[in-house]
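Number of protein chains: 2
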Amino acid sequence: MKIVLFGTGAIGSAVKDVLVEHGHAVVSIGRTSGDRQADMTDIASLTALFRDLGTFHAVASAAGEVSGAPLEKATDEQWAKSIAGKGMGQINLVRAALPYIADGGSFTLVSGVLTEEPIPGGSLGRTINNMVEGFVKGAATEMPRGCRINCISPTVLAESTHYLPYFVGYTPVPAREVALAYLRAIANPLNGRILKLHKTDS
Amino acid sequence: MKIVLFGTGAIGSAVKDVLVEHGHAVVSIGRTSGDRQADMTDIASLTALFRDLGTFHAVASAAGEVSGAPLEKATDEQWAKSIAGKGMGQINLVRAALPYIADGGSFTLVSGVLTEEPIPGGSLGRTINNMVEGFVKGAATEMPRGCRINCISPTVLAESTHYLPYFVGYTPVPAREVALAYLRAIANPLNGRILKLHKTDS
Numbered sequence: 000m001k002i003v004l005f006g007t008g009a010i011g012s013a014v015k016d017v018l019v020e021h022g023h024a025v026v027s028i029g030r031t032s033g034d035r036q037a038d039m040t041d042i043a044s045l046t047a048l049f050r051d052l053g054t055f056h057a058v059a060s061a062a063g064e065v066s067g068a069p070l071e072k073a074t075d076e077q078w079a080k081s082i083a084g085k086g087m088g089q090i091n092l093v094r095a096a097l098p099y100i101a102d103g104g105s106f107t108l109v110s111g112v113l114t115e116e117p118i119p120g121g122s123l124g125r126t127i128n129n130m131v132e133g134f135v136k137g138a139a140t141e142m143p144r145g146c147r148i149n150c151i152s153p154t155v156l157a158e159s160t161h162y163l164p165y166f167v168g169y170t171p172v173p174a175r176e177v178a179l180a181y182l183r184a185i186a187n188p189l190n191g192r193i194l195k196l197h198k199t200d201s
Numbered sequence: 000m001k002i003v004l005f006g007t008g009a010i011g012s013a014v015k016d017v018l019v020e021h022g023h024a025v026v027s028i029g030r031t032s033g034d035r036q037a038d039m040t041d042i043a044s045l046t047a048l049f050r051d052l053g054t055f056h057a058v059a060s061a062a063g064e065v066s067g068a069p070l071e072k073a074t075d076e077q078w079a080k081s082i083a084g085k086g087m088g089q090i091n092l093v094r095a096a097l098p099y100i101a102d103g104g105s106f107t108l109v110s111g112v113l114t115e116e117p118i119p120g121g122s123l124g125r126t127i128n129n130m131v132e133g134f135v136k137g138a139a140t141e142m143p144r145g146c147r148i149n150c151i152s153p154t155v156l157a158e159s160t161h162y163l164p165y166f167v168g169y170t171p172v173p174a175r176e177v178a179l180a181y182l183r184a185i186a187n188p189l190n191g192r193i194l195k196l197h198k199t200d201s
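Taken in sequence, the protein lines are chains A and B.
Numbering of the first sequence is given in numbering that gives the first Met the number 0, commencing with residue 0 and proceeding in unit increments.
Numbering of the second sequence is given in numbering that gives the first Met the number 0, commencing with residue 0 and proceeding in unit increments.
Don't take every hint at face value.
[Stated by the list, open to error] Derived pair list, reagent style DSBU-like, types lysine-lysine, alpha-carbon separation capped at 30 Å:
hint : chain 1 : residue 1 : chain 2 : residue 2
1    : A       : K72       : B       : K1
2    : B       : K80       : B       : K195
3    : A       : K80       : B       : K80
4    : B       : K1        : A       : K1
5    : A       : K80       : B       : K72
6    : A       : K72       : B       : K72
7    : A       : K195      : B       : K195
[To be verified] Simulated DEER-style distance windows between Cβ atoms:
hint : chain 1 : residue 1 : chain 2 : residue 2 : range
8    : A       : D102      : B       : D102      : 56 to 64 Å
9    : A       : R50       : B       : S44       : 39 to 47 Å
10   : B       : Q36       : A       : P188      : 22 to 30 Å
11   : B       : P98       : A       : A79       : 18 to 26 Å
12   : A       : T170      : B       : S201      : 31 to 39 Å
13   : A       : D51       : B       : K72       : 19 to 27 Å
14   : B       : G103      : A       : A24       : 56 to 64 Å
15   : A       : D51       : B       : R50       : 46 to 54 Å
16   : A       : R183      : B       : R183      : 26 to 34 Å
[What the hints assert, rightly or not] Non-contacting residues of chain B with respect to chain A, defined by C-beta distances greater than 12 Å in every case (computed):
hint : residue
17   : H23
18   : G33
19   : R35
20   : N91
21   : T114
22   : S122
23   : L123
24   : K136
25   : A157
26   : H161
27   : G168
28   : Y169
29   : L182
30   : R183
31   : K195
Rather than coming from a laboratory, the hints here were simulated on the basis of the structure.
Quick caveat: nothing in here was measured; it's all calculated off a predicted structure.
Even glycine gets a Cβ: it sits at the ideal position worked out from N, Cα and C.
Only chain A is shown next, with the shape it has when bound in the complex (with noise of 0.2 Å):
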């Protein structure tokens, strides 16, 4: 398969390395880095790139990042960019690339523990994962031409350690296993479903 993975960080490189071994031919895209460029805020930029880049059978988002701020102190830049990265960006995706899959073509995105445990400061985070777990589920149920949508929610990456202190106690995941969690996702018929890698059931 020619799979488009949106992010080029931790998890979109384990991500990559995965489905790489599994035979699949990755086209990865970042903002400035990757295979090819776009931006996931700029619908006209994905509309552009998913007309160009021929057929292709899976779109995978380890992309899109939340703003982590106090609800009393969060401004309204920080509101407005994570809506406009993680939450609309990945929903842009879909929609700039429901014209060009694949029939049977799969879309994972990605939100985050945070959709149901709390963090500190972690409201922003929450409602937008919230946001994209909603679309999710929702347009699981309008996919066209025998495609399918689900997500992958990791917890807390183990390689991320700028992150890590922010979410005291909670284990981490290493990327490899969330990378495996979106070959799960491409492979099998799953439609509609939030794939966990919590470490924990509460």
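Once you've looked at the hints, dock chain B against the given chain A.
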């Protein structure tokens, strides 16, 4: 209690009636109707309102519109307006009121049955409702000075004859029953709860 109520439609009117019957003072807010006017999509207009209201003990929202449109046809504008209205609009209510609400005050927002249940063209509603509920659960962990925040999730209203044809087979709920849930959320020590008026369990 002095309660600031956003929305003057079927739910807003019923909430006003129930709150007044229970002895509360209600200040109703609409874009063009109500006792006072404010625009939920403009946080400066909300801040000006709350600064000017004097002491208030609760903010209740029965406002915010979402587009219904098939995923493949929904426009950038429909997405942006839905997020800015029912999504970020309600989040802005909370952000703007927090510096002014009385200690122990409460916020009550509105989502809807689409959070969990599909209708054709319901992906936008599902996305925005999950965004709102995610915010409520996150903000509940960050409320200062004993304040609380909850969310009412009604199914389609019996009174909303315009929307009934889109909710085929869904048993509608009378607006007064929804209004009682607002009273319950305001009058009792709930925090981070989603009160569902769905008429079906699954």
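We went through each hint and held it up to the structure:
{"no.": "1", "hint": "A:K72 / B:K1", "in the structure": "holds (26 Å)"}
{"no.": "2", "hint": "B:K80 / B:K195", "in the structure": "holds (25 Å)"}
{"no.": "3", "hint": "A:K80 / B:K80", "in the structure": "holds (16 Å)"}
{"no.": "4", "hint": "B:K1 / A:K1", "in the structure": "violated (60 Å)"}
{"no.": "5", "hint": "A:K80 / B:K72", "in the structure": "holds (25 Å)"}
{"no.": "6", "hint": "A:K72 / B:K72", "in the structure": "violated (37 Å)"}
{"no.": "7", "hint": "A:K195 / B:K195", "in the structure": "holds (25 Å)"}
{"no.": "8", "hint": "A:D102 / B:D102: 56 to 64 Å", "in the structure": "holds (58 Å)"}
{"no.": "9", "hint": "A:R50 / B:S44: 39 to 47 Å", "in the structure": "holds (41 Å)"}
{"no.": "10", "hint": "B:Q36 / A:P188: 22 to 30 Å", "in the structure": "violated (52 Å)"}
{"no.": "11", "hint": "B:P98 / A:A79: 18 to 26 Å", "in the structure": "holds (20 Å)"}
{"no.": "12", "hint": "A:T170 / B:S201: 31 to 39 Å", "in the structure": "holds (32 Å)"}
{"no.": "13", "hint": "A:D51 / B:K72: 19 to 27 Å", "in the structure": "holds (23 Å)"}
{"no.": "14", "hint": "B:G103 / A:A24: 56 to 64 Å", "in the structure": "holds (59 Å)"}
{"no.": "15", "hint": "A:D51 / B:R50: 46 to 54 Å", "in the structure": "holds (51 Å)"}
{"no.": "16", "hint": "A:R183 / B:R183: 26 to 34 Å", "in the structure": "violated (42 Å)"}
{"no.": "17", "hint": "H23", "in the structure": "holds (26 Å)"}
{"no.": "18", "hint": "G33", "in the structure": "holds (25 Å)"}
{"no.": "19", "hint": "R35", "in the structure": "holds (22 Å)"}
{"no.": "20", "hint": "N91", "in the structure": "violated (9 Å)"}
{"no.": "21", "hint": "T114", "in the structure": "violated (7 Å)"}
{"no.": "22", "hint": "S122", "in the structure": "violated (3 Å)"}
{"no.": "23", "hint": "L123", "in the structure": "violated (8 Å)"}
{"no.": "24", "hint": "K136", "in the structure": "violated (6 Å)"}
{"no.": "25", "hint": "A157", "in the structure": "holds (24 Å)"}
{"no.": "26", "hint": "H161", "in the structure": "holds (21 Å)"}
{"no.": "27", "hint": "G168", "in the structure": "holds (15 Å)"}
{"no.": "28", "hint": "Y169", "in the structure": "holds (15 Å)"}
{"no.": "29", "hint": "L182", "in the structure": "holds (25 Å)"}
{"no.": "30", "hint": "R183", "in the structure": "holds (23 Å)"}
{"no.": "31", "hint": "K195", "in the structure": "holds (15 Å)"}
Comparing the model with each earlier hint shows violations of hints 4, 6, 10, 16, 20, 21, 22, 23, 24; every other hint is respected.
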